[in-house]
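Student: Here the protein sequences line up with chains A and B, keeping their order. Numbering-wise, the first sequence is residues 411 to 1181 according to the working numbering. Numbering-wise, the second sequence is residues 411 to 1181 according to the working numbering.
FYI, nobody ran anything at the bench for these hints, they're computed from the structure. Among the hints, a few may not be true.
A pair counts as met if it fits within one copy or between any two copies, since identical chains are not told apart.
Here are the simulated DSS-like pairs of lysine-lysine, each with C-alpha atoms no more than 30 Å apart in a straight line [what the hints assert, rightly or not]:
#1 Lys530 <-> Lys847
#2 Lys799 <-> Lys979
#3 Lys557 <-> Lys845
#4 Lys580 <-> Lys815
#5 Lys1013 <-> Lys486
2 protein chains.
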Amino acid sequence: MSEFKYVGKDIPRVDAWDKVTGRGMFTQDVSLPGMLYTRVLRSPYAHAKVVSIDLSEAEKLPGVAAVAYFGNTTRKLFNPSNGQVLTMEPHEPAMDMRLFTDEPKYIGDEIAAVAAVDEKTAQRAVSLIKITYRELPFVLDPLEALKEDAPAVQPVQVLKNVLGQPAEFKMGDTDAGFAEADLVVEDQVRISRLKHAQLETQCAVADYRDDGRLKVVSTTQSPHNALVILSHLFEIPESRIEVCAGAPYVGGGFGTRTGFSGKAEAIAAALSMLARRPVKYSYTREEDMTCSDSRHGGYITGRLGVKKDGTFCCVEVTAYLNIGAYATYSMDVLSVLGAYGICSTYHIPNLHYMGYGCYTNQQNAGAFRGFGTPQGTFMMETLVDHAAKELGMDGVILRKMNSTKVGDTWILPYPVGSTGLNECIDKAAAAIGWKAKRGGTKTGHLRRGIGLAAGTHGSNAWPFCVDYSSTYARIENDGSLFISVASPEIGPGSTTSMTQIAAESMHIPIDMVRVRFGETASAPFDSGTHATRTLYTVGNVIHRACLSLVDQVLEYAQEQLGIAKDRLKLEDGMIRADGGEEKADGCNSPDGVSISLAALAHKAHLNNRRFLATVSDFIPNTPPWECHGAEVEVDMQTGMVRVVRMVCAHDVGRAINPLLVKGQIEGGVVMGIGGALREEMSYVEGKGFYNDGFHKYMLPAIGDIPEIVSIIVESCDPTGPYNLKGVGECSSIPTAAAIASAVEDATGVRFHELPMTPGRVLQGLKEAGKI
Amino acid sequence: MSEFKYVGKDIPRVDAWDKVTGRGMFTQDVSLPGMLYTRVLRSPYAHAKVVSIDLSEAEKLPGVAAVAYFGNTTRKLFNPSNGQVLTMEPHEPAMDMRLFTDEPKYIGDEIAAVAAVDEKTAQRAVSLIKITYRELPFVLDPLEALKEDAPAVQPVQVLKNVLGQPAEFKMGDTDAGFAEADLVVEDQVRISRLKHAQLETQCAVADYRDDGRLKVVSTTQSPHNALVILSHLFEIPESRIEVCAGAPYVGGGFGTRTGFSGKAEAIAAALSMLARRPVKYSYTREEDMTCSDSRHGGYITGRLGVKKDGTFCCVEVTAYLNIGAYATYSMDVLSVLGAYGICSTYHIPNLHYMGYGCYTNQQNAGAFRGFGTPQGTFMMETLVDHAAKELGMDGVILRKMNSTKVGDTWILPYPVGSTGLNECIDKAAAAIGWKAKRGGTKTGHLRRGIGLAAGTHGSNAWPFCVDYSSTYARIENDGSLFISVASPEIGPGSTTSMTQIAAESMHIPIDMVRVRFGETASAPFDSGTHATRTLYTVGNVIHRACLSLVDQVLEYAQEQLGIAKDRLKLEDGMIRADGGEEKADGCNSPDGVSISLAALAHKAHLNNRRFLATVSDFIPNTPPWECHGAEVEVDMQTGMVRVVRMVCAHDVGRAINPLLVKGQIEGGVVMGIGGALREEMSYVEGKGFYNDGFHKYMLPAIGDIPEIVSIIVESCDPTGPYNLKGVGECSSIPTAAAIASAVEDATGVRFHELPMTPGRVLQGLKEAGKI
């Protein structure tokens, strides 16, 4: 990495000061003069019809400024996710939600909202809304929902309670593939609904003006997409809306606010329009947990056909995911589950994947770190381990021989461009002590075992949806660089890495670079911080904008210095010709001269000239690869699984900031451990989800977190800026499968249901006769 | 004007709703969490040295967060005006001010400032600062300041107490010119210091972050220039500073905040750096009146040589202006006074102008609507009326025969491109009833008279300083247009006219256009709202950006429709080929098709493409012209002059929004009347300016405002966008001269000193033996 000055370096985060001093502002901190506060009336029924509603008492309560409900605000169907904005032709975005409904479809569905001088008054007003319901039949399980006599959650689709056309990938001939196979293994896995549990709850402040301008600050991960959806909902031209993602910080995301942040933006906006004042709507933790989207749970079944020598010849997988009452994101999640979870890690000539998004009368599921790939990977790696066991083959060898190689044709519409997967597998295996430890300890009540699982994902969301970024960049009067991008800083530190790319590409000291982020006024369209895309896709346009600015600068230097552009070079903020030395008034010297960018930029200013660039660009997706190794200790008496150590090898193309890459890996692994062993949204019929706060949702605490060894593999992919690929989501993808493999290694029992809670483990051990 | 859809129409102001509902936010309304408030310690002496200062008691006061003074903040010399940023080579900007001083040079000069939890605590802390001074000699009058034994206000310049090289314009040969003349008239005028009296006092909120970012919201007219000066003062890269002019509105300007708004930005920023919290500094009205800049008063002497037939053959003028203790702007004001006030309205082959900016120990003078031209015009029109009287010629005929004509070479480095001046003179003369009424009534104690005066000015500040604008524009996903410009909306309504230009140039409905204004994050460099430049210079870049966007749109339409670009036309938001009709799916039809811009923009989005434009452009200055006619009634017993009627003919090139042009004319005329008859800053030795509030500064009240007839003349200049020229400052330029001429017509006495207060008039009438 020595050829670079900033790329590849552990530069401290640009938001570090703001975060450690507590001065960084989040949406929750925003307060505007005259601002009102919101509480929402939510359905107590999983499915019902509002028979009557009387707002008069609520409206009369002193301190109440507006009551919005389905009768006085927009009735347009919409989709609160990126899906409404980014779904590509020929597909149509799923539009099945209304802002407020008179037919609630899950416990918590929004019926009305109150804006008042404080939350207490708003809550009191909500309690004064007189409402009567007629209860309607409901369905909660995705497989139940497919049955003929199940109540329809949404108007009938192509298949009852199935969103749109099921997702499908097909390659080769599965009949022929299975016929070729010497061994066919078959498994079913069951995956629970998970919650993002980001620290900052969904929140928005909206300020609508009578001339039709709307400004929203919110916890969205995709300010432009939120803007487009607001424009659609309220029929306001996009140019009159501004959305800021945070102020400027967003307290985590993990997918829960790609597009709208819950319905916070739209509810606050609807109330601001009625009240003619700024309105804040901050979800309570309870609302956030039970009334904004979560990760899809469901059932996946798979069959893998393998030759004696270990060659995978065929795979067939079907997924049924519980999408809840509205199709926030489900087509794309089902697609990605198949694409990256099933069809990509290994090169399997014959494959068939079907994915069904099943409507139920539960809170909707949506984007969640990994976007389907963790679920698919858990299925696929279960099959691979199963085949290895049946064949008596080493899992490392089996994986490496079947892994997708450079040049392979696969699910993306071009061959694989680079892969460090086998290097990841080798390094993870070595680091976890594969040769020495695999086989586990079989004595005592604390059993140790190790396991390993591989995976891939995308570096952006293409070709599953529209995916491009834009930037707007300027050289200021003093030679400093201003860059604006709309993708928010939701925690990973991407804006720090962007700053590094900008300094490297512009050839100026890094403290002369400012990357502004997360708002739609200065930044042109960007699809937001999601899909592992941010640094890859935004980094690309930043790089391109800098190349344009360097070109403009050298063009002007050529004019001013009278030296041909191709003899000039910008280095560390200085423009030099053929290695010349700096001179105070170098402008008119014929040769061997230099001039600082600051002096040149100021000269340009004095001549009424600026260096400006806008870039909007699409970059084809080049997937990253990963392999996790896990060492676990299983308590045979309690069923408690303790992760002792995780080793996580990731092909990130190139690590722009290795420290931040490791931060992403560690954070993702912790989420992966949570989903593998602890976290689960539990539904109680008639009451809804039990987990209405962090105290009822078993996030990994510090004592649950093992040593995590992050291994960076750099395949230096030719596609991405500075050869980088994504990493954000990848780090939680193979974690659960690696842990399940380690648990099997320790206990001899393979678990097919997540999370592997002590109860489930104990029961599994009993059923297998191990205790 | 029928060829245009929006240009030339009285479109209601885009900020109307915000202003009439009271929801428009100004800097004074800004409140940030944890924000501190400021009070300032100011010098009680016109010139002194701080011998000792002890902050300890102030710092100890509970609620005080920081005390800034000359010992703990920046000591850099700077210039708070646009001058620091826009002064062109080979001149250097005058840098003679420090943020806090230990040698105060006027009563009110800043020595220290306190940030505290509220203003009361801050004021109490200011009173606890123990300070001792040594008084130093001072000088108050500009002519006194030039004397050999006068104390030096600033380190000695080329001439004692004279800023830089005196301004000078020379054409032809004045000796020969005067030799040619049949008549030489000579006059001296004296002009008082005036105050802008904008409604919102100087105010700024600064938020400095530990990572070196600084955000400032302030009442500046020039956010980028304020940014550059902050960068200089605090050595922060420009890309890390953001300045918003208002939030987004600025409560008036009239020149008083071109660059910094007083020192509000820098004082708030210095305190925020020390306190590590956001800080607001809002000038009291007293501070605003007596400690931020004002219009230059001073002395001007002139000689005009005329041939018998009325041909002007020579003019010689010398101005001595009181610039106060610091050179906020004075070189440029002195230049403009000569250029437009003396050398431009009439074509005079031999001329010599000298302008001296004289330092005194008073509050500094700076930019003020007209920027020197009103002072110069008062001198020039006094000479012209004098000559007319001596020659016995009609003032209208004399003016028209000598007025500058198209093609004349003059003060600008290219010939006159267009002038409607003679049309203005004719129309003003007709409207004021020149033929019928000139000569006045000579009986009774209420004497009526009419007068007339002509003038010109610039449409921007070039070539007196750097002058260009930039814009950043986008077509959004729904075909709406977003445009960002940094020039603030300080009241005139320019942003409405910009919106009209954008809609006209983009060929879309006006409600699809949004012009964002007044901040430096989304907008590239613009030198701000001043110098009559805004609509002319910013309108030009908006027009150019729209042309670029239309081109990009048609290029993409060509790709999509398969029809050559030159056969496509964008009209009213539709792209049509050869008059074809709209079709829902017209994209692939071969001919006669149309597609809406909205559909095309959305299609582009789905194909990862955006239409973006940045434009930075200089446009040569093309001056507007004007002639005012005044009818007055003079009370010979009290000396009170009442303006009965003003008729104001302005060549504005083309009126983009005639209603707003008339608003500008009316507002300017009222200011002109104030300066002619009422307004005056009066200095009391040892105390400073008497006029520390509106109650002590005689602004025209509603009873003082006559009928104002605005006459728009359209010369359709080829240079400006849609042929427009400026108007903002022009409307107060010839007002005082027209009124003086009318007073002379009524009374037979010519007054040479402004304002013509009852006392001065009475004394003048007595001296002339008229009463």
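Student: Quick one: Lys530 to Lys847, C-alpha cut-off 30 Å, is that within a copy, between copies, both, or neither?
Tutor: Intra 59 Å, inter 72 Å, cutoff 30 Å: neither.
Student: I want to check one pair: Lys580 and Lys815. Are their C-alpha atoms no more than 30 Å apart within a copy, between two copies, both, or neither?
Tutor: Classified as within: same-chain Cα gap 19 Å, cross-chain 80 Å, threshold 30 Å.
Student: State whether the alpha carbon distance between Lys1013 and Lys486 is at most 30 Å within one copy, between copies, both, or neither.
Tutor: between (54 Å within a copy, 22 Å between copies)
Student: Go through the copies and call it for Lys799 and Lys979: within, between, both or neither, with a Cα cutoff of 30 Å.
Tutor: Close neither inside one copy (60 Å) nor across copies (69 Å); limit 30 Å.
Student: For Lys557 vs Lys845, is the C-alpha pair at or below 30 Å within one copy, between two copies, both, or neither?
Tutor: Result: close neither inside a copy nor across copies, 48 Å intra and 97 Å inter.
The structure is inconsistent with the numbered hints 1, 2 and 3, although it conforms to all the rest.
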